[in-house]
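Assemble the complex: chain W is given as a structure, and chain X must be docked to it using the hints.
2 protein chains.
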Amino acid sequence: MTMAKRDTYTPDSLLSVAVEVFNERGYDGTSMEHLSRAAGISKSSIYHHVRSKEELLHRAISRALDGLFGVLQEPGARTGRAIERLEYVARREAEVLMEELPYVTLLLRVRGNTDTERWAMERRRDFDGEVTELLKQAAADGDLRADVDVRLATRLLFGMINSIVEWYRPGRGGSANSEEVAEAVVRTAFAGLRT
Amino acid sequence: MTMAKRDTYTPDSLLSVAVEVFNERGYDGTSMEHLSRAAGISKSSIYHHVRSKEELLHRAISRALDGLFGVLQEPGARTGRAIERLEYVARREAEVLMEELPYVTLLLRVRGNTDTERWAMERRRDFDGEVTELLKQAAADGDLRADVDVRLATRLLFGMINSIVEWYRPGRGGSANSEEVAEAVVRTAFAGLRT
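Going down the list, the protein sequences come from chains W and X.
So the first sequence is numbered by the numbering used here: it starts at -12 and just counts up by one.
So the second sequence is numbered by the numbering used here: it starts at -12 and just counts up by one.
Read the hints as simulated data drawn from the structure, not as lab findings.
Take the hints with a grain of salt, since some may be wrong.
If chains are identical, the list can't say which one is meant, so a pair holds when it fits in one copy or spans any two.
Stated by the list, open to error - In silico SDA-like pairs for lysine to any residue, Cα to Cα no more than 20 Å straight-line:
hint: 1; residue 1: K123; residue 2: A163
hint: 2; residue 1: K123; residue 2: M108
hint: 3; residue 1: K123; residue 2: A178
hint: 4; residue 1: K40; residue 2: F177
hint: 5; residue 1: K30; residue 2: P(-2)
hint: 6; residue 1: K30; residue 2: K40
hint: 7; residue 1: K123; residue 2: R181
hint: 8; residue 1: K30; residue 2: E61
hint: 9; residue 1: K30; residue 2: R12
hint: 10; residue 1: K40; residue 2: E11
hint: 11; residue 1: K40; residue 2: E82
Note that this is a predicted model, so its numbers are computed, not measured.
Only chain W is shown next, with the shape it has when bound in the complex (with noise of 0.2 Å):
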C-alpha cells in the first residue's frame, strides 16, 4: 500500500486525473478505487470533491461540450456567408478538439449506458443538426456542391475532424503543432486533396 498523498485537488486537477484514467480503462471499467489509486488520494477525499463517478464523467462532459458549442456562438461562425461560416467552424472545432483532447475524446467515445451519456449522445446529436443545417444553407447558396448529400458531408467532415484524437498529441516532436492540423483539415475537407 502506498502513502496517501495530502489532498490538494481542486475541482479541475480531479477532474483532469479522472478523465486520464476514463479514457485509459473506459468509462464502464474504471472503479472509484481506481480513480482513488490513480489520484493517490482515499476514495473519502474524492467524495469530498463529488458525489458520484457519473458526476465526474458529467462535468468531463460539459467541459468538451461547452468547447464544442461555444464555437458556434462565435462571431465568425454567425455572420457572413454560410460556406464562409462553416470554413470557420471546422477549423475551430479542429483546435478546439485539439485543446480540450482528453474531454473530446471521453466525449467521443461516451457509449449511452447511464443517463449522463444518453445526454452527452443527445447534445451530439443536437450539434450535427446544426451544424448540417449550415450546410444546407451552403448548399443554398451554392457553394457546396451538389452531388454529395448535406447529411453524408457533415458526417465525413466531422468524421474527419474527429479522428485527430486517435493520433494528435500536443508537443510531441516532428508531429505537426495544431493550428497546421487544423488548416489542413480545411484545406482537405474544402478544397480538397487533388492539385
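Chain X only, in chain W's frame:
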C-alpha cells in the same frame, strides 16, 4: 439455464458471433463464458473450433487485414498515375470497410494489450506506410496539393474513411448505400466540398 443448442457452427459462423461480442463488450471485457452464451453452445464446443479467445481475435483481425491489404494488390492500385491509384485505393478501402464492417471495426479498436493486438497495430502502420508512399508519389507528380504534409494528408484521408464505422449500418432505411458513401468519400477528400 437455457438449453445449449447443438453445435452446428462452422469456423466462419462462430467467428461472426465472436466478433459481434468483441465489438459490443470490448475484447478485454469478453470472456469465453460470454462467447459461449452468445453462441448458445458450451465452452468445450467452442474449444473444439479454436484454442483460445485470442485465436478468434487473430482470425477476425486477419480477415480485416486481408481485405484492406488485398486492395493494394488490385490492378487499379498498381497501374497508372499515382493520384488515380490513390483515388482507387480510397474508394475500395471505404467499400471493403463497409463490406467487412464488424471485422474492420474490431481492427480499428484494438489497443495493444496482447501479441495479436500489437501485431494488428504493426500491420496498420505498414498499411499507412504503403499509402503514404502513394501520396508522396502523387505529390512528386504535382497532382497533390503542396501545402498539406503527406503524412498528415494520409491521416486525414483515412480518418475520414475509418469514421464510417461509427455510423454506417448496412440496409438501414434512409441512409446511403455503400457505393454512394464511397463515392462521397472520394469526392470530398480529393475535390473538396466547396464548389
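Okay, the hints, checked on the actual structure:
{"no.": "1", "hint": "K123 <-> A163", "verdict": "between (32 Å within a copy, 17 Å between copies)"}
{"no.": "2", "hint": "K123 <-> M108", "verdict": "neither (22 Å within a copy, 39 Å between copies)"}
{"no.": "3", "hint": "K123 <-> A178", "verdict": "both (18 Å within a copy, 19 Å between copies)"}
{"no.": "4", "hint": "K40 <-> F177", "verdict": "neither (41 Å within a copy, 44 Å between copies)"}
{"no.": "5", "hint": "K30 <-> P(-2)", "verdict": "within (15 Å within a copy, 47 Å between copies)"}
{"no.": "6", "hint": "K30 <-> K40", "verdict": "within (11 Å within a copy, 35 Å between copies)"}
{"no.": "7", "hint": "K123 <-> R181", "verdict": "between (25 Å within a copy, 13 Å between copies)"}
{"no.": "8", "hint": "K30 <-> E61", "verdict": "neither (40 Å within a copy, 57 Å between copies)"}
{"no.": "9", "hint": "K30 <-> R12", "verdict": "within (18 Å within a copy, 27 Å between copies)"}
{"no.": "10", "hint": "K40 <-> E11", "verdict": "within (15 Å within a copy, 22 Å between copies)"}
{"no.": "11", "hint": "K40 <-> E82", "verdict": "neither (28 Å within a copy, 40 Å between copies)"}
Hints 2, 4, 8 and 11 from the list above are not met by this structure, while the remaining hints are.
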